[in-house]
Amino acid sequence: MSRTWMPRKQPRTGARGAGAGAVTDADRRQLASGGGAGGQNPLEILKRRFHSGELGSVPVVLGLLVVWIIFESLNDNFLSPRNLSNLSVDIVGPGMISIGVVFVLLLGEIDLSVGSVSGLAAAVFAVLSVNHGMPEAPALLLAVLGGTLIGAVQGFFLAKVGVPAFVVTLAGLLGWNGLMLYLLGASGTVNLDENGLVAGLTSHYFTNVAAAYGLAALGTAAFLLASYRDVRRRRAAGVPARPMSEIVLRTAVLAVISLAAAWVLNQFLGLPLALLIFLVMLVGLDQVLHRTPYGRMIFALGGSVEAARRTGLHVSLVRISVFMISGTMAAIGGLFLASRVTSASQTSGSGNLLMDAIAAAVIGGTSLFGGRGRTWSALLGVLVIQSIASGVALMGIQTAVQFMITGGVLLIAVVIDSLSRRAQRAHGRV
Amino acid sequence: MEPGAPLRRPTAPLLALRGIFKRFGAVQALADVDLEVRAGQVVALVGDNGAGKSTLIKVIAGVDPADEGVVEWDGHPVQVTRPHEAQNLGIATVYQDLALCDNLDVVGNLFLGREIHRFGVLDEVEMERLTLDLLDTLAIRLPDVRLPVASLSGGQRQTVAISRSLLGAPRLVLLDEPTAALGIEQTAQVLDLVEQLRERGLGVLLISHNMGDVKAVADWIAVLRLGRNNGFFDVTTTSHEQIISSITGATDNAVTRRASHGWEA
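Those protein sequences? They're chains B and Y, same order as listed. So the first sequence is numbered by my numbering: it starts at 1 and just counts up by one. So the second sequence is numbered by my numbering: it starts at 1001 and just counts up by one.
It should be emphasised that the hints constitute simulated quantities derived from the structure, not laboratory data. Check the hints yourself; a few may be wrong.
Stated by the list, open to error - Pairwise CB distance ranges (calculated):
#, chain 1, residue 1, chain 2, residue 2, range
1, Y, D1097, B, R291, 25 to 35 Å
2, B, V161, Y, T1011, 34 to 44 Å
3, Y, A1012, B, T292, 42 to 52 Å
4, B, A237, Y, F1119, 46 to 56 Å
5, B, V161, Y, R1082, 35 to 45 Å
6, B, N131, Y, R1082, 22 to 32 Å
7, B, L145, Y, N1088, 35 to 45 Å
Said to hold, decoys possible - Examples of chain B residues lying across from chain Y (beta carbon under 10 Å, computed):
#, residue
8, L84
9, R234
10, V239
11, P243
12, Q287
13, H290
14, Y294
15, M297
16, S304
17, R309
18, G312
19, R372
20, A393
21, G396
Treat the numbers as computed from the prediction; the structure is a model and nothing was measured. All C-beta atoms in this analysis are idealised placements derived from N, C-alpha and C, irrespective of residue type, glycine included.
Model the full structure from these sequences, guided by the hints.
Here's what the structure looks like:
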């Protein structure tokens, strides 16, 4: 952008002009203190965020800790390396789907078809590779692209025809499930090659301890380097920057968590390939959301369609593309779920998979009302949901109890979302 | 007030409308409307509800072009039939509903639709620097440019919307009721900003219902009544009553005729 409005060299007259000229560095720092960039007491920042409804991932992390403490106190196998390692692979399928749901929720829309699309993708892959003998790689690609195409079709009906997303994707929920059943045919279940590419997605582990520790160290180092470069650029530009102490603290927290996770994983089979792919997708799509003009458009649309439209944004293109992302992620998630059970069956993508994927996004802190959320909420939310499922299974309680607990957690999450919205509104209308 | 500026008349006005007509079905919204705005001048556009103020703004902004009439920019006739044509000329419009994204921070809103990026990656540092520079030069105080605008007060939101319009380096700013629904303190902030724009040599066309605001900040007052010009007054020499009567049409007397005559000469 070249046509930036710059101050003209004009003598400033009058008291107001003098006031403008007298803005010092100190004023400027005050001008933009606090928030993400300020050098204030972290407790104060937290307090202000609480009052203004900017809680971020604090509630879900607390919730996760509570869930883990409760189940560990009831059964000390819960936090065993074996169970946690399995948990880290179990979350990948629903987590992938949930990332796509986060994108759709950011627009303030909903995608009810993700469960059926995930099942359909698994069926497409199974039928192509097993029944028709297609090599696994192209079959996998076709299954994923099928999800993209489905997203494009649903997005078209939403953005160009004007059918509400709820109805379009509800039709998709039924239609794609029907198509899956039709593809699977009478047999109903297609077993995948146990040693194939897709089966390996969730069964392969990097058994070398260096892999998990290396990933943890690499991630932490990348975070530290990026933060440090950001601070240096900000200081060079004279823009408020985070104090180094805060960066060191954040890096330390990340290092402790990632190294602890690596240690736990290495106690069992090592770093699961599925988890690695999931983390790469999370970080990559988070960067897309927060560091690209495209991601900014998604947030803008979720904030105010009219404001976005007036800036010349192609509203329908962005909407269609977001549903394409959602369809793609659903298909990828479906393949991971099929890989976990090395088969595609009539129950693929059914049950409460859809509700889990949406609930995970919301529990993780993505707003149902659009415009607020991160891809990380998919990870945190799905961790909560799968932890409950895993804990309940460990204790041998009925799934009935699991549903009730998960329902309660979801309710709490939505209440927090609504309350924080209300707090924001109250804070805004001073 | 700067007494010298508005009286300087040798150069062509920044914006001149001549004989603007606009009809919506059976309603003649604008009939033979003339208007001039010069650089470094604040012109208040006043009139009762339905007088055609918003219609006129939409004509200038290219949202709803005129049926007939000439729009002159820098003394040359121009076609303004679409919003981006007006923007390219250097006309920025701040609508009454502001059109801000509540969930984005101040920087995000300012640069919405024209983000600075390097190799496809948003350059947040550069955008924040330019934002702080712009707010500095306009003497705008905000608690934090990284806070979502939902947490700003009404006046602060208005100043954000106005500053955003300035990023495109406009020469004329159209403000549609910028002080409606604002408190006293917040209104003062916005009026301060309007004066800043004049000091920078921009032309400002301000729609307002509030005579106090108009008297405080405008150099000239253009009155519309039932879609027609009904006077063009110098703020310093016109009484409150004269303007009110011109708006309501209570008296079509010598005073208003004299004032409008002085403008047309």
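Next item in the hint list is S304 (chain B). Is there a CB on chain Y closer than 10 Å to its CB?
It holds, given that the least Cβ distance between S304 (chain B) and chain Y is near 5 Å, below 10 Å.
Go through the hint on L84 (chain B) and say holds or violated, using the shortest Cβ distance to chain Y against 10 Å.
L84 (chain B) check fails; min Cβ-Cβ to chain Y is 35 Å, beyond 10 Å.
State, for the Cβ atoms of A237 (chain B) and F1119 (chain Y), whether the hinted interval 46 to 56 Å holds or is violated.
violated, 18 Å
Quick check on a hinted range of 22 to 32 Å for N131 (chain B) and R1082 (chain Y), using CB atoms only.
violated, 56 Å
Holds or violated: is there a CB of chain Y closer than 10 Å to the CB of V239 (chain B)?
holds, 5 Å
Go through the hint on Y294 (chain B) and say holds or violated, using the shortest Cβ distance to chain Y against 10 Å.
holds, 9 Å
May I ask you to test the hint 35 to 45 Å on the CB atoms belonging to V161 (chain B) and R1082 (chain Y)?
violated, 26 Å
Between D1097 (chain Y) and R291 (chain B), does the beta-carbon spacing fit 25 to 35 Å?
For R291 (chain B) against D1097 (chain Y), whose Cβ atoms are near 30 Å apart, the range 25 to 35 Å holds.
With 10 Å as the cut and Cβ atoms as the points, is R372 (chain B) at the interface with chain Y?
OK, holds: R372 (chain B) within 10 Å of chain Y, min 6 Å.
For the restraint on H290 (chain B), tell me whether the closest CB of chain Y is nearer than 10 Å.
holds, 8 Å
Quick check on the hint: G312 (chain B) CB to chain Y CB, less than 10 Å?
Holds. Min distance 5 Å.
Close enough to count: is the Cβ of G396 (chain B) nearer than 10 Å to one in chain Y?
violated, 44 Å
Checked against the numbered hints listed earlier, the structure breaks hints 2, 4, 5, 6, 8, 11, 20, 21; every other hint is satisfied.
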